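Peer 1: So you can see what is in the structure, the chains are spelled out below.
There are 4 protein chains.
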Amino acid sequence: MIAEYPPMGWNSWDCYGAAVTEAQVRANAEYMAEHLKAYGWEYVVVDIQWYQPTAVSHEYEPFSDEPMDGYGRLLPAENRFPSAKGGAGFGPLADYVHSLGLKFGIHIMRGLPRMAAHRRLPILNSDYRCDQAANPNSVCAWNPDMYGLKCDHPGAKAYYDSIFALYAEWGVDYVKCDDIAREYPHCQREIELISEACRACGRDMVLSLSPGPAPLDRAEHLKKHANMWRVTDDFWDDWRLLKGMFERAEKWCVHAAPGHWPDADMLPVGALRQCYDSHPDGQWTRFTQAEQRTMMTLWCMMRSPLMVGGDLPKNDVFTLNLLTNADVLDIEKDSWCAHPLYTTAEESAWIAPRKDGKGCYVAAFNLSDRARKISVNPALVERRCARAAELWTGKPARGGQLSAKLAAHDSAVWRVEY
Amino acid sequence: MIAEYPPMGWNSWDCYGAAVTEAQVRANAEYMAEHLKAYGWEYVVVDIQWYQPTAVSHEYEPFSDEPMDGYGRLLPAENRFPSAKGGAGFGPLADYVHSLGLKFGIHIMRGLPRMAAHRRLPILNSDYRCDQAANPNSVCAWNPDMYGLKCDHPGAKAYYDSIFALYAEWGVDYVKCDDIAREYPHCQREIELISEACRACGRDMVLSLSPGPAPLDRAEHLKKHANMWRVTDDFWDDWRLLKGMFERAEKWCVHAAPGHWPDADMLPVGALRQCYDSHPDGQWTRFTQAEQRTMMTLWCMMRSPLMVGGDLPKNDVFTLNLLTNADVLDIEKDSWCAHPLYTTAEESAWIAPRKDGKGCYVAAFNLSDRARKISVNPALVERRCARAAELWTGKPARGGQLSAKLAAHDSAVWRVEY
Amino acid sequence: MIAEYPPMGWNSWDCYGAAVTEAQVRANAEYMAEHLKAYGWEYVVVDIQWYQPTAVSHEYEPFSDEPMDGYGRLLPAENRFPSAKGGAGFGPLADYVHSLGLKFGIHIMRGLPRMAAHRRLPILNSDYRCDQAANPNSVCAWNPDMYGLKCDHPGAKAYYDSIFALYAEWGVDYVKCDDIAREYPHCQREIELISEACRACGRDMVLSLSPGPAPLDRAEHLKKHANMWRVTDDFWDDWRLLKGMFERAEKWCVHAAPGHWPDADMLPVGALRQCYDSHPDGQWTRFTQAEQRTMMTLWCMMRSPLMVGGDLPKNDVFTLNLLTNADVLDIEKDSWCAHPLYTTAEESAWIAPRKDGKGCYVAAFNLSDRARKISVNPALVERRCARAAELWTGKPARGGQLSAKLAAHDSAVWRVEY
Amino acid sequence: MIAEYPPMGWNSWDCYGAAVTEAQVRANAEYMAEHLKAYGWEYVVVDIQWYQPTAVSHEYEPFSDEPMDGYGRLLPAENRFPSAKGGAGFGPLADYVHSLGLKFGIHIMRGLPRMAAHRRLPILNSDYRCDQAANPNSVCAWNPDMYGLKCDHPGAKAYYDSIFALYAEWGVDYVKCDDIAREYPHCQREIELISEACRACGRDMVLSLSPGPAPLDRAEHLKKHANMWRVTDDFWDDWRLLKGMFERAEKWCVHAAPGHWPDADMLPVGALRQCYDSHPDGQWTRFTQAEQRTMMTLWCMMRSPLMVGGDLPKNDVFTLNLLTNADVLDIEKDSWCAHPLYTTAEESAWIAPRKDGKGCYVAAFNLSDRARKISVNPALVERRCARAAELWTGKPARGGQLSAKLAAHDSAVWRVEY
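Quick note, the sequences are listed as chains A, B, C and D, same order. Taking this note's numbering, the leading residue of the first sequence gets 213, the next gets one more, and so forth. Taking this note's numbering, the leading residue of the second sequence gets 213, the next gets one more, and so forth. Taking this note's numbering, the leading residue of the third sequence gets 213, the next gets one more, and so forth. Taking this note's numbering, the leading residue of the fourth sequence gets 213, the next gets one more, and so forth.
None of these hints come from the bench; they were simulated from the model. Don't take each hint at face value.
It does not matter which identical chain is used: a pair holds within one copy or between any two.
Said to hold, decoys possible - Cross-link-like lysine to any residue pairs, in silico, SDA-like; alpha carbons within 25 Å at most: (1) Lys435 - Ala557; (2) Lys463 - Ala557; (3) Lys545 - Ala239; (4) Lys362 - Tyr251; (5) Lys463 - Asp390; (6) Lys567 - Glu594; (7) Lys570 - Tyr630; (8) Lys436 - Lys585; (9) Lys526 - Asp539; (10) Lys436 - Gly282; (11) Lys436 - Asp581; (12) Lys297 - Ala239; (13) Lys455 - His433; (14) Lys436 - Lys455; (15) Lys435 - Glu558; (16) Lys435 - Asp450.
The model shown is predicted, which means the values in this text are computed figures rather than measured ones.
Start from the sequences and build out the full structure, keeping to the hints where you can.
Peer 2: Dropping the structure here:
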C-alpha cells in the first residue's frame, strides 16, 4: 500500500528554494541515511524548477529557456544536476538515493511548459501536439513556467501519461504536484488525470498535492485521488502560522487514514534559506525550541506527513534530537482517530487513542505568550490512566495527572497507559 | 458530572407539538419507566408553550394571555397541567416523574414574556422591572411569546436567576432553551447568562440549546456553556434530512465529550403528530425501518443525545426493539473519538475506537436509493479484526470481513474485537 | 397634482426630537408664515411619537402607555398637545396651521401599536381585530412602538384605511411614514397598502417614506407609490455626511420629477437639539456657513425636498438669508434633468438645464478641506454662455467664465443665460 | 477636441470576426463615403487579430506565429492586408480611408505579444526588453495572444509609447483597446499608461475601451482616461440583450458629455456573421425592424457612440434608412442631460432637453411582447408642448399629445417644441 503511514522525508525548498543542486541533494540523502533513516525518514525530494538553469533563490525567472525533450517533457538542468547529462534525467540521482536505502521524489507543476506549446511539440505516444493540449488561459498565479491543460482534450491525458512514464523510468518514488490542491473547482479534472497517470505508470509513487489550503469540502475527492495534500498555504518559521495550524488540524484530522494524509507542510527547522549569503529573516529557523516541540507534537498527533525543510547536514544537536525522538514519532504509526479536546486562544489539548488499545496519547499546547500551567481535565480523557509518561522530557505523570507547566508556545505530550 | 454521557429521553414535540397535556406526559413517563429505563433512557421533557392555555397543534397563537406569576415567570397552563393548580407549577409533575426513577425536563424560550414587559412587572430579588430588562427589538422570528433581554442590564441576570430558581424549586433536571443556539453573535452573551443562572441555581440541570444549526466556529463557546446543542434545524422523518445529517455529524464529531454533546435532534420514530385527527404527512413515522436503523446507528456513532419524539405508549414491536438494542446503545457509552472514514453520495463508513481498548465499532451506511453491498476497506480500520459481530442482526462477520449487502438507506454496525 | 414641485417646509425632529409640543409647533408655523411662506415654504410637520406622553429627547421609551382610540389608532398626547383634548386629535392644530396659509403634516410608524394587538382591539369598519392584522415578528429595529402588519390579511388594509380616514378628518396634508423606505423587500407590500390608503382617503396628502437609504433598484416602485423617499440614513450637521450625499445625489438625480422626489433629508441649520439643556454636539448647527451653502446648492440642484430642521424662531440673519435666497430656491422649480458633470475627491460640478430653454444652472463644489479655485470646463457646458451670475454672491461671471475661488467646503452656482 | 460628439462609424467584428480583409475594409469605407458620410458617420475600424494570418472566424487560434517587428510590435498579416507589405503596416490603408474623407481605426489587446516576451525582444527607445515588461501571470481570459504588462516597470510605459508612435505613423485616428474596461482594479494603472501614450503620441486618436461592463463606480476614472468605454458585455442581435440595455443606460446616462461617452456597443444590423458559409444564428440580423428602431432610439437618447456592425455594402433599404434618419441622429448632437422618466417591465420613457433651449426629445419604448399604446404623462415633461413630431414616422403629435400605439419592442421618439 502506498503511504500506509504518513510519509517522512526531506524537501529542498526551505533551504535551497528553486536553486538546489545535485551535490546538496546527495549530501542531504547521505545525512538522512546515516542519522535519520532508522527513525522512519526515507523520502529525499527535489523541489520546484530543477529544470531551470538560472535559478538562484526562491524567485522564478520568467521566459527562460528550459531544457525539455522532443515531447515537451522537462529535463533536469545539467549545470545543476551533472548526472543528468546525456539524457539520463534523474535516473542516476534516483539510483544513488536508492543505494542508500532511501526513496527519491521530485516536484512538478501541473500543465506543460509554455514553450512546448509555442513550439508545437508532439506528445509522446499520441496524435496530438502540445499546443492542442495546452490551455492558453490557464496559467499559475505565482509561477511562469507552464500552461495548464485542456482536460477534455485527449492530448491532456497523453501528456500526463508521458511524463509519469518518464518518472517511472527514472525511478521516482514521490511526486509533489503544485498549483493544484487549492485550485478547485477548475482543476478537479486535472487532479484526476494526474492521479490516473500516476497510478497507471507502473511504479509506486506517492502523489502529493500543493499548495494549500485545499478546500475542506473536497476532502473525499482528495482522499480518493492523492496520498497527501496541503491543508495550508506555505508554512514557514513564524509563530502566527503555527498557531493558525491548530484550526486547520481540527478540521482535517478526521480525514487522516492509511493511503491519504492531510499535510501541514514542511518542518522549517535548522538551517533554512541557505541559497542566500544572508536573508532578512535570518538563515537559521526563527522558531524557538518550544515552538519546534509544539510543531512536532501537533504534526504527529494529527498524523501529518513530516518533511524536513532544513539543510540536514547542518543540523545541530537540538534539531537532530527533535527529529529522532522515537516516542514522539511513534504517535504517527501507533495512534488513530485523533482530535482536539478543545482549543482556546490560550491553550489546546488533543487526544489520540492507540490502535493497540493499550492506552492513548494526550497533548497539551500552550498557545499563549507566557508560561502557563495546563491540566487536562481527566473527565475528557474518559479512562482512568494507570500510568503516563511525558515524551519530550521522559518524566512520568505523577498520579496519572496530565498536567504541566509549559513555557510560552511549548507543549507536552503523554503516552497514557491503562 | 452533568451529562457525563449523551442524555437519553423523550420529548413531547414530535407527537404533541405545543399542546401536550399532563396526562400524556405521565403516560409516556410510565411507559419509559417500564420499558426503556433499563436501557438508559431517563429524561421526560415537556416541550414548548406549556404555559399556553389555547395551544392545540404545532402552531403558536400570538397575543394570547399567558399565565405568569407576579415576577413575570411563566406558569404551566392549568387547563393542560391540572397538578399545577394553586401555584404548584411543575413541582407535582416533576415529583411524579422522579417517583418513577426518571428525570424531568422543560422547554423555555430565551427572554421574558412580552406582557411582563408591557405590564412592567418587578423582577424577583432585584430593583428592576421586566420592562427595563426586556429588549423591545429582540423578538424570535418564529414564536410570538417573548422579548429577548438586554444582557448588559443587571435586570437580565436577575430575571434568568429568578426563573432557574423557580425551576430548581419545581425539581427540574433538564432545560431546553430555544431561539438561541444558532443566534450567534447577538445571543452570545444571553447564552452565557442562561448558563450561569443554570449552574448557580443549586440543582443539577442539563442545559440544552436549540434550534440549530449552531455555528461550528462557536464550538468552544458552546462546549463551555451548554451540555448539548443542536447542530441542525428541526429534524423530521424525511430521508433528505437524515442523509444531510452525515455532513453535520462529520463536522461536529470531534466536539463530543463528557459534559458537552453535539445534538442531532429528536428521533422521529413511532407515533408522531398525535395532536391532529389527521395530518398530511401521516401520523406514524415516514421513515422506513432501514432508515430508522441508519438514524440510530449514526446518532450512536457520533454520540448524539437520544430523545425519542414519538408517543411511547403507542410503540410497536419494531420501535421498541429499535430503542432497546443494548449493543447499539452501548456505543454511546463505550466508544470515543469516532469519525467518518469516508462519505460519498452512495455510502459512508464510520469508525469509533472502544475506550476499553479491546476493539472498535465500524458502521457502514447505504446512502443510495437501491440495495448495495458495502465492504469497509480493512486498511482503513488499521487493525486486524479477530472477531466482529453486526449489532442489528447479531451475525458474526465471516473472516473478520466488514461487508454487508444493505437495502436502500440501511446500515450495518460491527463491534470489532482484536 | 400632489407634490408637483419638491415639498418645502419645517420638521420638528432636528430641534425637538420625540418631544415637540404644540406651542413649539405653533411658534414655528407663525415664523414660517411671517418670514418664509413668500419663498415657497409651506409644510409644518410634527415628527415621531407625538402620542408619547413621556417623551423628552430623541430617545424612545419602550413599553409606555400610549393614548389610542377604541380602534387602536394613536392619538396626540394631550399633555403635549392641549388642543387635542376631548378626542379632537390634531384637528385644531391643523386648522390653526391652515389659518396661517400653511399646510400640516405628521409622522407615523408603519404598523399598529403593540398594545392594540395585545388588547385585541377591533379595527374600524371591518370584522377584524388588531391582533389578527399584526405580525408579532415584525418589529422596528430602532423604535419600540409598533408591530408591522400581515399585509396579506384583510385587516391590514382595513387598519391603514382607518388611520388615513382619521388623518383626513384632522386635515393632515403630509404624512411621513417611517421604518419602511429601506425595508425592501419585506415591506414592499406594506408600502403599497399605505400608498393606496393615502390616495383613497379623500384628502390630498404628500406621502413621504423614511428612513433611507431606499434601495436604488426599487426606484420605480418608490416613484409609483410615494411622493418622496429618503435616499440616505439620518442626515445631520456633519461634513462627512454632506460629502457622502454627492454619491447618492448622482445615483438618484435621474428619478426626480413632478410627483416623486428623492429626498436628501432635513436641513440641519440654525437652532438644533433644543430639547436638551446642553448637548455634546452643541445646540447650534455645526455646519460652517460654507457647508450650508453647499448643502442648499446640492439639494436645489438635485431637486430634493427641503425641510428645515432648526427651530425657526431662533434663526439668525445668516440662516434666514440662506433659506430665502429666491434665486437659489428657483432652481427647484425652474430646472430639470440635472446631473453631475464630474465628482472627484476634491471637487464636483453639476449642471441643470432650465425648463424655459433660456439657459442652465451650473454649480461648483469645493469638496476639499482647503480653499480651491474651481473652473468648470466650458466644453462640458456644451453651450456658449452669453451671461452668467453667481447666485450666492450675485456677482456676474466675467466673460462667461464659470470659475470661482471657493473656501473649504464652499460652493458657487451660476444661472447661465444663452 | 477629441470626441466632442459620440463617435460614429463602422467596425468589422460583427460581420467578419477576427478574419476581416483589406478588400472588405475598403469596400465598407467606400460605401460609407458614398452613403453615410453626409450623416456624420466617419470612423472605419479594423477589429481584433488583424495580425493573425490564419484567422477565419470569431475564434482565436492559440500559439500561432504572429508577425511583429524587431521591437515586439504586431504588424498586419500581409496575406490579409496586402498593402501592409514591405513593413508599411496600416499606413497605406489609413491613407486610403483618409482619401475618402473618413477616419481610420484599429483594435488592440492590452499587453504585448507572448512571443515577444519569450524571444526577449528589445523595446524601442528604451533599455528594456519585452520579457522584463511582460507579466507572465497576466493573461486575457478569452484571447491567447498577449501578456499584460508590469505597469510599475519602466518598460511598460516604453512599450505603450512605442506602439502608439507606430500607430501615429500609420495615421490611425481611433484605437479600441480590449481586455481592459471591466478589468478594474488590476488594470487601472494599465488604462492610465495607455491613455497617456495615446495622448502623447502626437496624433489625435479616439481611445475606446472594451469589453464591458465597465464598473460604474470607476466612472470618473474612465471619463478622465478614455473617450468611450463599453458599459456592457458583447452586444448582439438578441432582444434580451437590448431590453437589458435600458438598465445600463439609466445608470450611465449622467456620465455622457463631450470627450467621454458611455458606449452601448456596436449596432448589429444588416449583414452579420459574413465570415461563415452559414451560421446557426443566421447571417442577417435577427432583430426585427421594430427592435432596430428601439436600439437606434435608445443609443441616440443616451448619446452612445454609434458603430455599425453589419457589412455595409449589403445594406438593404430598411437598414440604410435606419442609419440615415437625420432627425434621429441629430439627437446625439442637439440634446443633453437625457435620462429615463421611468422604466417598467412593459415600457420605458426617456427625456432629453435640447441644448438650444427650444424644446426637448421624448422617447417611448414598448418593452413588452405585444402591441401597446404608450402615452407619456405630460406632467413628467414639465413644459407645455407647442408642437411635436415623431421622428421615425414624421407624424405630428396631435394636440401635443405624446402618445403612440407601438408594436412589440417598437418605439417612438418626438421632437417637442415649446
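Peer 1: It remains to establish, for every hint, whether it holds in the given structure.
Peer 2: Now for the hints, and whether the structure bears them out:
1. In this assembly of identical chains, Lys435 and Ala557 lie within 25 Å of each other by CA distance solely across copies; the values are 15 Å between and 31 Å within a copy.
2. For the homomeric pair Lys463 and Ala557, the shortest alpha-carbon distances inside one copy (17 Å) and between copies (21 Å) are both at most 25 Å.
3. For a Cα distance limit of 25 Å, the shortest separation of Lys545 from Ala239 qualifies neither inside one copy, at 28 Å, nor across copies, at 53 Å.
4. In the homo-oligomer, the alpha carbons of Lys362 and Tyr251 never lie at most 25 Å apart, since the shortest distance is 43 Å inside one protomer and 49 Å across protomers.
5. Taking the shortest alpha-carbon separations for Lys463 and Asp390, only the intra-copy value of 22 Å comes in at or below 25 Å, while the best inter-copy value is 28 Å.
6. With identical chains, the CA atoms of Lys567 and Glu594 are at most 25 Å apart both within one copy (16 Å) and between copies (8 Å).
7. Both within a single protomer and between protomers do Lys570 and Tyr630 lie at most 25 Å apart by alpha-carbon distance, with minima of 6 Å and 12 Å respectively.
8. In this assembly of identical chains, the alpha carbons of Lys436 and Lys585 lie at most 25 Å apart only when taken from different copies (19 Å versus 42 Å within one copy).
9. Taking the shortest alpha-carbon separations for Lys526 and Asp539, only the intra-copy value of 24 Å comes in at or below 25 Å, while the best inter-copy value is 57 Å.
10. Taking CA atoms no more than 25 Å apart as the test, Lys436 paired with Gly282 passes in neither setting, with 33 Å inside one copy and 51 Å between copies.
11. Taking the shortest Cα distances, Lys436 and Asp581 sit within 25 Å of each other only across copies (23 Å), while inside one copy they are farther apart (40 Å).
12. For a Cα distance limit of 25 Å, the shortest separation of Lys297 from Ala239 inside one copy, 20 Å, qualifies, whereas the shortest one across copies, 60 Å, does not.
13. Proximity of Lys455 and His433 under a CA criterion of 25 Å is satisfied inter-copy only: 19 Å between copies versus 27 Å inside one chain copy.
14. Taking CA atoms no more than 25 Å apart as the test, Lys436 paired with Lys455 passes between copies only; the shortest distance there is 21 Å, against 29 Å inside one copy.
15. In this assembly of identical chains, Lys435 and Glu558 lie within 25 Å of each other by CA distance solely across copies; the values are 16 Å between and 32 Å within a copy.
16. With identical chains, the CA atoms of Lys435 and Asp450 are never at most 25 Å apart, being 29 Å at best within one copy and 30 Å at best between copies.
Hints 3, 4, 10 and 16, counting from the list given before, are not met by this structure.
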